[in-house]
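J.: The primary structure of each chain is shown beneath.
Protein chains: 2
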Amino acid sequence: MEKRIGFLGPQGTFSHEATQTYIESQAKLNGSDVTYALKAFYTIQDVLLGLKKDDIDEAIVPIENSLEGAINVTLDVLAKEEGFYIVDEHIIPINLNLVAKKGTKIEDIKTIISHPQPLGQCRNYLGNTFKNVIQMEEDSTSKAAQKVASADGTYAAVTSSIAAKTYGLDILDSNIQDAKNNFTRFVIISKVLKKKTGRDKTSIVFSTENKPGSLYKILDIFSLWDINMTRIESRPAKNELGQYIFFIDIDGHIEEQDVYDALTMVKRKTSFYRFLGSYPAFGNLYDV
Amino acid sequence: MEKRIGFLGPQGTFSHEATQTYIESQAKLNGSDVTYALKAFYTIQDVLLGLKKDDIDEAIVPIENSLEGAINVTLDVLAKEEGFYIVDEHIIPINLNLVAKKGTKIEDIKTIISHPQPLGQCRNYLGNTFKNVIQMEEDSTSKAAQKVASADGTYAAVTSSIAAKTYGLDILDSNIQDAKNNFTRFVIISKVLKKKTGRDKTSIVFSTENKPGSLYKILDIFSLWDINMTRIESRPAKNELGQYIFFIDIDGHIEEQDVYDALTMVKRKTSFYRFLGSYPAFGNLYDV
Chain A
159 MEKRIGFLGP
169 QGTFSHEATQ
179 TYIESQAKLN
189 GSDVTYALKA
199 FYTIQDVLLG
209 LKKDDIDEAI
219 VPIENSLEGA
229 INVTLDVLAK
239 EEGFYIVDEH
249 IIPINLNLVA
259 KKGTKIEDIK
269 TIISHPQPLG
279 QCRNYLGNTF
289 KNVIQMEEDS
299 TSKAAQKVAS
309 ADGTYAAVTS
319 SIAAKTYGLD
329 ILDSNIQDAK
339 NNFTRFVIIS
349 KVLKKKTGRD
359 KTSIVFSTEN
369 KPGSLYKILD
379 IFSLWDINMT
389 RIESRPAKNE
399 LGQYIFFIDI
409 DGHIEEQDVY
419 DALTMVKRKT
429 SFYRFLGSYP
439 AFGNLYDV
Chain B
159 MEKRIGFLGP
169 QGTFSHEATQ
179 TYIESQAKLN
189 GSDVTYALKA
199 FYTIQDVLLG
209 LKKDDIDEAI
219 VPIENSLEGA
229 INVTLDVLAK
239 EEGFYIVDEH
249 IIPINLNLVA
259 KKGTKIEDIK
269 TIISHPQPLG
279 QCRNYLGNTF
289 KNVIQMEEDS
299 TSKAAQKVAS
309 ADGTYAAVTS
319 SIAAKTYGLD
329 ILDSNIQDAK
339 NNFTRFVIIS
349 KVLKKKTGRD
359 KTSIVFSTEN
369 KPGSLYKILD
379 IFSLWDINMT
389 RIESRPAKNE
399 LGQYIFFIDI
409 DGHIEEQDVY
419 DALTMVKRKT
429 SFYRFLGSYP
439 AFGNLYDV
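Chains as they are written, first to last, in the numbering used here: chain A, 159 to 446; chain B, 159 to 446.
Just chain A, same shape as in the assembly:
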């Protein structure tokens, strides 16, 4: 069986790295029964559009970074699109490097290019070391590396080491992220629900009625059923400033009676509700 997996390209992005290590971890679980075909997309929206149109079987997209927080576009698409389910999660460490053309010196650099997420992850380093240097956004760290490779020697990029290698750039400085505890969590999205594995978590999104204490009442339901909430993330509802939708992760699988009953009650008590999937929780960060 062949599985087609879409990721945020081009080659050399951390999403690409995550996809490859995810596939390797799956191969260990499934043996050689499944082969994988990777397909790169230009934006997170395009990856998920590819899934919608059945160009791919699964999409792997970043959902959360340990320093920068939620990946808003992923949350917004999950809240909006029906028929997508999270079927797995995968976590990789993010090690960032300052890369430039051979011969470039630190003091030559006038512009530093990267994706906004890695730029944010090096905020202190860039602010201290490159006070008057312009920061420029690109769609991906690979595109940033590509741009630096074709520009004059006043540009540098913040990228993975694999991207530096791909575009023939020198690493001027490595592990430049402000905190060394830099991980990104990816979710694997499919149109098919995942069966219970026994070490599962469940994700939902909802909005409450605009009444005092309405979020508290929802969390009360989880407390009543002794269900552990592991994450809450709010996003603007986009209809009015001060209105929010909430993404919540809980322990357990929808096939478990308690989880099913609690979520049935949550659905009754919310003005908008969507089940985003039950899937195995990622094992150990340091197994990667």
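Worth flagging that the hints you see were computed from the coordinates, not collected in a lab.
Check the hints yourself; a few may be wrong.
No distinction is drawn between identical chains; accordingly, a pair holds when it is met within one copy or between any pair of copies.
[Unchecked claim] List time: in silico SDA-like cross-link candidates among lysine to any residue, alpha-carbon distance up to 20 Å:
hint: 1; residue 1: Lys375; residue 2: Thr388
hint: 2; residue 1: Lys305; residue 2: Tyr200
hint: 3; residue 1: Lys268; residue 2: Lys305
hint: 4; residue 1: Lys268; residue 2: Thr201
hint: 5; residue 1: Lys211; residue 2: Lys427
hint: 6; residue 1: Lys263; residue 2: Asn290
hint: 7; residue 1: Lys369; residue 2: Gly441
hint: 8; residue 1: Lys396; residue 2: Tyr283
These numbers come from a predicted model, not from an experiment.
Starting from the structure of chain A, add chain B where the hints point.
T.: Chain B in isolation, oriented as in the chain A frame:
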């Protein structure tokens, strides 16, 4: 008396616009007793550093947009720095325009430049109308406009109309933001606490112990004291993936006994806690 206010410059940014309308609203309240001196800074961190070093008396920084959500850098600085208090809030509508050099046609455009926030706010518009156009990040909408003014006619920017005017650019398309309900909330930060006005709100930030149900227990305190929570925002704790700090807004002022007692209890029950200020809640969005 002169008050020195720092904002995210240069001239023509939405922060500049917010600062001017804030000053006008203050002049209505205070009469001509207070005059204002505006000082532009290059980054949100620099605005707050200016306040720390007493180069300014107050800083005005964006904290939340009705479409894109929280401004992470503002939240992260508020959580980290001691001795800063929110003393007021101000909300302005954000109307975005596609601007370019005189004579540029829509089909000429190869690169669109702006701050990541407005680019996000026009995600659908840009994705539909400019499928293969490169999006490039700049520090501010003004810098984007400046860049377009000095580039060849294949560039466009997403900016305020005041920025287009400042840099002599044509407006090719206006109100291009995906949702028309686009507002940004700013907070005014000072080293001096604000007295009770009778229509106040209070902001805190905390982290809970890493135990099941610990966030629920905090919200339980507000429920017990009949205090209405109007906002909850999580940010990564940055020490470990899956650990968070929470920003919460409640109705009322710290000088009120109930608020004081509830927050004393919250402080006891959290592993990290910081009071971020009590201040008058913004009146009416449509008075602006």
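J.: Which numbered conditions among the earlier hints are violated in the structure presented, ordered from lowest to highest?
T.: 5
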